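The residues making up each chain are set out below.
6 protein chains.
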Amino acid sequence: MSDLKIGIIGVGGIAQGRHIPAFQGFEDCVISAVSDVNKDRAQEAAEKFNIKMIFENYQDMFQHVDAVVICTPNKFHAEITIAALEAGVHVLCEKPMALTAEECEAMLEASKRTNKVLAIAYHYRFMKNSQAAKKMMRDVGTPLVTRVRALRRRKVPGWGVFTNKSLQGGGSLIDYGCHLLDLAIWLMGSPKYVEVNGSTYNALSKQPNSVNQWGSFDHETFNVDDHVTAYIKFENGASLLLETSWAANILDDEEHVSISGVDGGLSVFPLEFYAAKDDMLINSQAAWISGEDDPGLSQARNFLDACLGKAELVVKPEEALQVSQIIDEIYQSAESK
Amino acid sequence: MSDLKIGIIGVGGIAQGRHIPAFQGFEDCVISAVSDVNKDRAQEAAEKFNIKMIFENYQDMFQHVDAVVICTPNKFHAEITIAALEAGVHVLCEKPMALTAEECEAMLEASKRTNKVLAIAYHYRFMKNSQAAKKMMRDVGTPLVTRVRALRRRKVPGWGVFTNKSLQGGGSLIDYGCHLLDLAIWLMGSPKYVEVNGSTYNALSKQPNSVNQWGSFDHETFNVDDHVTAYIKFENGASLLLETSWAANILDDEEHVSISGVDGGLSVFPLEFYAAKDDMLINSQAAWISGEDDPGLSQARNFLDACLGKAELVVKPEEALQVSQIIDEIYQSAESK
Amino acid sequence: MSDLKIGIIGVGGIAQGRHIPAFQGFEDCVISAVSDVNKDRAQEAAEKFNIKMIFENYQDMFQHVDAVVICTPNKFHAEITIAALEAGVHVLCEKPMALTAEECEAMLEASKRTNKVLAIAYHYRFMKNSQAAKKMMRDVGTPLVTRVRALRRRKVPGWGVFTNKSLQGGGSLIDYGCHLLDLAIWLMGSPKYVEVNGSTYNALSKQPNSVNQWGSFDHETFNVDDHVTAYIKFENGASLLLETSWAANILDDEEHVSISGVDGGLSVFPLEFYAAKDDMLINSQAAWISGEDDPGLSQARNFLDACLGKAELVVKPEEALQVSQIIDEIYQSAESK
Amino acid sequence: MSDLKIGIIGVGGIAQGRHIPAFQGFEDCVISAVSDVNKDRAQEAAEKFNIKMIFENYQDMFQHVDAVVICTPNKFHAEITIAALEAGVHVLCEKPMALTAEECEAMLEASKRTNKVLAIAYHYRFMKNSQAAKKMMRDVGTPLVTRVRALRRRKVPGWGVFTNKSLQGGGSLIDYGCHLLDLAIWLMGSPKYVEVNGSTYNALSKQPNSVNQWGSFDHETFNVDDHVTAYIKFENGASLLLETSWAANILDDEEHVSISGVDGGLSVFPLEFYAAKDDMLINSQAAWISGEDDPGLSQARNFLDACLGKAELVVKPEEALQVSQIIDEIYQSAESK
Amino acid sequence: MSDLKIGIIGVGGIAQGRHIPAFQGFEDCVISAVSDVNKDRAQEAAEKFNIKMIFENYQDMFQHVDAVVICTPNKFHAEITIAALEAGVHVLCEKPMALTAEECEAMLEASKRTNKVLAIAYHYRFMKNSQAAKKMMRDVGTPLVTRVRALRRRKVPGWGVFTNKSLQGGGSLIDYGCHLLDLAIWLMGSPKYVEVNGSTYNALSKQPNSVNQWGSFDHETFNVDDHVTAYIKFENGASLLLETSWAANILDDEEHVSISGVDGGLSVFPLEFYAAKDDMLINSQAAWISGEDDPGLSQARNFLDACLGKAELVVKPEEALQVSQIIDEIYQSAESK
Amino acid sequence: MSDLKIGIIGVGGIAQGRHIPAFQGFEDCVISAVSDVNKDRAQEAAEKFNIKMIFENYQDMFQHVDAVVICTPNKFHAEITIAALEAGVHVLCEKPMALTAEECEAMLEASKRTNKVLAIAYHYRFMKNSQAAKKMMRDVGTPLVTRVRALRRRKVPGWGVFTNKSLQGGGSLIDYGCHLLDLAIWLMGSPKYVEVNGSTYNALSKQPNSVNQWGSFDHETFNVDDHVTAYIKFENGASLLLETSWAANILDDEEHVSISGVDGGLSVFPLEFYAAKDDMLINSQAAWISGEDDPGLSQARNFLDACLGKAELVVKPEEALQVSQIIDEIYQSAESK
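Residue numbers (full-length UniProt numbering), protein chains in the order written: chain A, 1 to 337; chain B, 1 to 337; chain C, 1 to 337; chain D, 1 to 337; chain E, 1 to 337; chain F, 1 to 337.
Worth flagging that the hints you see were computed from the coordinates, not collected in a lab. Only true hints are included.
Straight-line alpha carbon distances no greater than 27 Å define the calculated DSSO-like cross-link-like pairs of lysine-lysine that follow:
hint, chain 1, residue 1, chain 2, residue 2
1, E, 277, D, 135
2, F, 135, E, 206
3, D, 277, E, 277
4, D, 134, F, 155
5, D, 206, A, 135
6, E, 206, F, 277
7, B, 155, C, 135
8, B, 277, F, 134
9, C, 206, E, 135
10, A, 134, D, 155
11, F, 277, B, 135
12, B, 135, E, 206
13, E, 128, D, 277
14, F, 135, A, 206
15, C, 128, A, 277
16, D, 135, F, 155
17, A, 135, C, 135
18, D, 206, C, 192
Keep in mind that this is a model prediction, so the values were computed, not measured.
All chains should be built: construct the whole structure from the sequences, respecting the hints.
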């Protein structure tokens, strides 16, 4: 059986830093093509990674590949994904799934219609801690309260298109917080949400000359959220407290997911477990977890195996859709205030 | 001018441990009477603290005192407060203000009508850290996001009437979380809330034989919340993430209030301040704060001064009313799920 | 039913500091008599603890009590225990059981013959950590290697008869190390020993003017061990490495029992558990253990309950006998070098 | 005078990682030949390190070199060493000296007979801490108790021939624990042992699917020890408690040698000293030790200097013989249980 | 022989808190009289400590006692000391010796003339750390550089006469820094000073409303130093850097004496030693020091023994004189700026 | 406008490690020439850094460059600087400015006369912490006490000409301590000094075989200071305590500058601020400071900008002159003892 041929659409930082090296680490696939609206960048990437075919128009690539990885600005996720699936090509699409829940639904529908694989790159699920936490959930029991904090102190990304709402659909929530939100809901067992409430802010980034650790940006054109809070209720009664930020006046960055359940509680970073046993309260930590801690690699392997019919997807499109639905609801709740 | 005469109604732990010693520490007042439905307990307390008059019926006490401190179960706060005010007696009532917002409104109305002082014992505001944090809020600027965590790991109070809903109106939120919630809103400048969402739990306490650090209780009759989450939006756009618990599977107890504003952020326990200045991110801590750290004493002093017309109340009844309104809304939101 | 009447034989530090307060904390027994070769000391103790009867000769006490607690120098343990049992009196005897294994066997035989309770005061077993560790042994599985370290840095007890071999039978091992050795073997499930090897030292204490943290003693008459090492094999294949000392050139005091088994490992001080699960290595600690941490009290309660036929002894005389047998073997092995 | 010509026999990890780079760092010797039963491996190593001669049969090498370094499986140490010495070639043989004490004696005898240098690569002695500890022993005085712990938590080496008894003669003790045992006895002044007792285990490694941090191995064919305890008495009265393991349920890896003597005590990792002086107990640590911390280099230098008659061997074959005798006795003691 | 009769002159805090309890702890002396300009205070102290005689005029006391302890404001030290000595009474005088070096010289002369004991209460020398450091100086060798830091962050003593220049002669230096300065020079071996340079400040205490941790004081009448720096050269070439303060903008209080000598260095709080040995740099700490850490008691004992002719004074008046000379020089240097 | 042409005089470690890489990092200048008395070293450096012109005699270089960086031994600083300035070439001269204050004055005069830029390479001022501390001085207010400690434990530089007095003018003070002294005075606002007192030592380095962490040196020819203390008074009343050393018996290396002023205090390493506000004592730290922490780069940029008339010098020659005057006074004070 010949190697799976993979095409990359959009060759910016995430493609060159995570996806291309990951797929080039396997023997049963080959990255045979790249495509980018910026032809020079496509050319450079192809040379750097020794990739044979270059396309300016991604449509032209589909007949030459079995699968594509979509790394464009969020705005183009839906359009390209649907086109690829309809061309009979499997898709690994960067997160978030798309700009809106409506677009996500169309992508999911296309995947079902064409019977092609559609994976969304929520790679936090593939971290060693996350995989181990998923197993530990057996001992947490029914989840009651979940906390998600994805906070950076004054680290607005000053490069790329991160602060452009029309291309990205939002800021800190859609770019960063979505990862931890997705991870938390997956650990909870992917219950359905029933109610969402949220608020968004960008007062810090709108100030002229605000101190920023990750480069500089134009505070006048900045039009996305840099700080978001939300509260989500699920049909099983669980509730989730969410806070995410690129720029907050806080002590330090924080990346936190914890879940308190009926039988125990856990925190993912670091991986800890809290429970009661034999008239004791017991705390446990992972001293060592087997395997490589390279989530990009594990994500690529899972996608390949799904394309090859050898494994189920870890990140199913239905789950990524729900994350986008929740993000939509947060933004709507914030605007209605 | 003669000393202010003070009566104590309900001589349980909070009266004997906090209020009586506090008022007996001043020279311009005297505790002249106690009242309790349990006559023996009243007798014992009177002897222990050398108090002259004892009443079984609190009504009989009013003509002998200038002010009363109400330390009964929550259910009786409203009834006694209104009776006292109408008898021309100032009132310091334990928190929460009453079982429901409706009762609180009646209390507030009585206070205005009679022109007597009505204070609610949210003593967390009188801690040194709280008082200093209130001053630091000048440098926090407009508050954006507030976090309140009042969490205990498996510490359901196994004594008193804490787990009795009809007497107390609720559990961990109305007994414990309300303190930190009140403190947080006061620090924020007492903005009006516009929306409240919440969830309540008691799965851990309903389990037979659950491990508990603070004595034992009957899991079958337990009918209050032991864990609550909520999300509150304010008219100035700020949002507040609340979690409180008597019994959660977590790493450790936590008592946390923090506020991130436009100009800076602060945390109260310990007292820290986070801001940007001169191209730096700066963290500051209080190394020493002047004054005694005896919130019960400071609270009593403020109440006395208010009765004597020498100071404004720190905890105004309008503010305590809003805390009760929010608690009401949380319980209602939780039930409607 | 009337209260159990208890007599105390030997009213030194251990009697006044641990046993008398413990038994006086219960309602179903009364300390009705004391006996001591030093009549003045007996008199003082009786007054201090409000005990009615005083005997110079312990034999005279037996007809007035139901049980005795023996707190004399080790040399008299066997003689008094056997006399008491034969007089129909239950016995709680301080550790070690006696000077030699031979004496211990006679004590055990007397207990069986008279059908009276004989308990030995290895109170380390009643510490909260020890009791919880005993439950954790379920998850340790078959024990392989046990380590016991009971070490003090230059703390030879400079009072009492601790350094007198003819009264005590030995030094650091028989006085201190025996506690941790007993605890370890009990946790292991009380397997039978098959081989013992040991060495004893007292070079530090024999030096003139050696620095000592616990008072001064006569280095010339000092004739017991101040440092002991031993190696014990059990019939289940487990081995135990033992080191105990009153006076060693080490970094710091150490009180350590740990057991590595087939399924997991544990340490008692602090209480920790080490295992593998789900491709992880996991460490766990006790964050809180229920109950009072007063081993003297728990030990007294267990003895009373055994006398009343309501509970099994936690420290059975057969187990204490084996500890004395091992101590005997260590001393013999050391001498044969 | 021409450079000393050195041959390497067995070019696995230890040769390529330690010995070859070490000898190539000196100007008065040259590695002129390699030999390996695996011809390809010999070829690769020769190219990588620019070594001129390659031999399949080590016998053929002897006439071309002045000295050899033997890095084969333990089984071949004796045979090759004796052949080399008899060919007039100096020998630096990897540890352990050989599979059995009998073989070691033959090697020692050959060395004496031929008057050629025989060094054993117990390189832990050449660590900076070890060298400094050796000097500190002056202040420790007569050693009383020595502790050796060489423990790894679930780190069975899953490569090479480590788990093959016929080639290696044993597991964790003969491969790893021997280093620390040798170091400890050398620090003690190389006293003669008089009694040895020990136990060996491999229950963890015989379990299917046991978690292992250092690769995977076949639990069915695993036939060496993964955990060993021992107790050794010396003719000067000192005793040594030994524990070594590749796979134990413990908190963490531990590499510990400490000695308590009459005048002071020391620990090697980290280097600390404990003593009494001027009515004080004093702890001391090495804040800085001069020299390079490259034990392989120092070991090679010492061997070269011994070959050149310029220095005494640090690791004398008589000392390595005693280590092997003790290992033999431990294994025999374990089997006789 | 009868007990030594001791009189106390000035019964403020230092007398009641340190000297009276210390002398009452011995069996060979009795405090038989007190004297104070404040008769009520004398009366109270006499009752509290069960002292028989009370004198308003200290002169009247001399014929009734063998020795006096002088605890008056500094201004009266010289006058009372000389009167006592001339009356044949031994003197233990609080530090500093007197207001000026001139007065000190007169005191010393009186002591020599009368052949009576004159001790100055520099009790820091009697701390366990100080006594042990004095022994360690053997290994420090010739001192080169000494650092003295006696710093308090905003702790001006708001009670007593501390801020009154005419009574005390100065502020932070003469009250607090003098202790550490005396200790340092004694450790150095009491070399003679050859040059002194200094600066004094009180800008912080002269500010209205400055934050102060130790009570309040009148910033307008405050006329002593609250911060002093100095540099002292000794005839052996050593130099000493001194900083002392009651009120400085610093991180934290600091009490530091360290000495770097030719052979080693030491720090007193905590007690540490730094040296080079065997090609190592070694740090040592005192883990335990024998004796009681009650400098007031040890100081009293030494004074008694000196009065009884059984011991030499630890703090000789010649040494205290030099401390006062240096203080004088610092104040003069500061004024000449 | 063409690039500024820069010549390097003296191509030792400081030139190759700091200055050449710094200037080669900018686009508006070019290093076009090197000069060194060691022709081979000049040749090597030119090749390594791709510099076109090489001169044996620095005089010959002047007509080919716009500016020079002087990295010779201190002895030649004055001569070369003056020659360069008179040749119309800007000068960045390594610290210290020159061997004596007299030389420094001549350099300053030449700079004024020629109107060419003269900068001295006190690069500690360009560290991020230093730049931020300079801004923080606004809140320190008038400085009172400054402490400078630049201490190394047994780290005499064993290479170069550091221990040669005739070439360098001194040891630890002129080589190392001068940096921190310059930094401190600049932070204080460059007040004029009015009095200097000091002591110098080299007893440790004069000992044979003293342990040294930074290579070996000849203790017999060693003729500079290895340890210096000093005390400096300024015309604004501030005082500065200085200690610097290459070789002292101390706990650890220390690099410390702190200033206590009327309104606040600060420490530079780490950057902290201490003050009082709102009845609190507050400590603040820099959590993050913007910019690159490459003082060599910032220093080069500032020099270039000064040459181009675009910025003021950060290190003005008048300020460097005062540092040299103080160093002179310290050495003179030390000799006069």
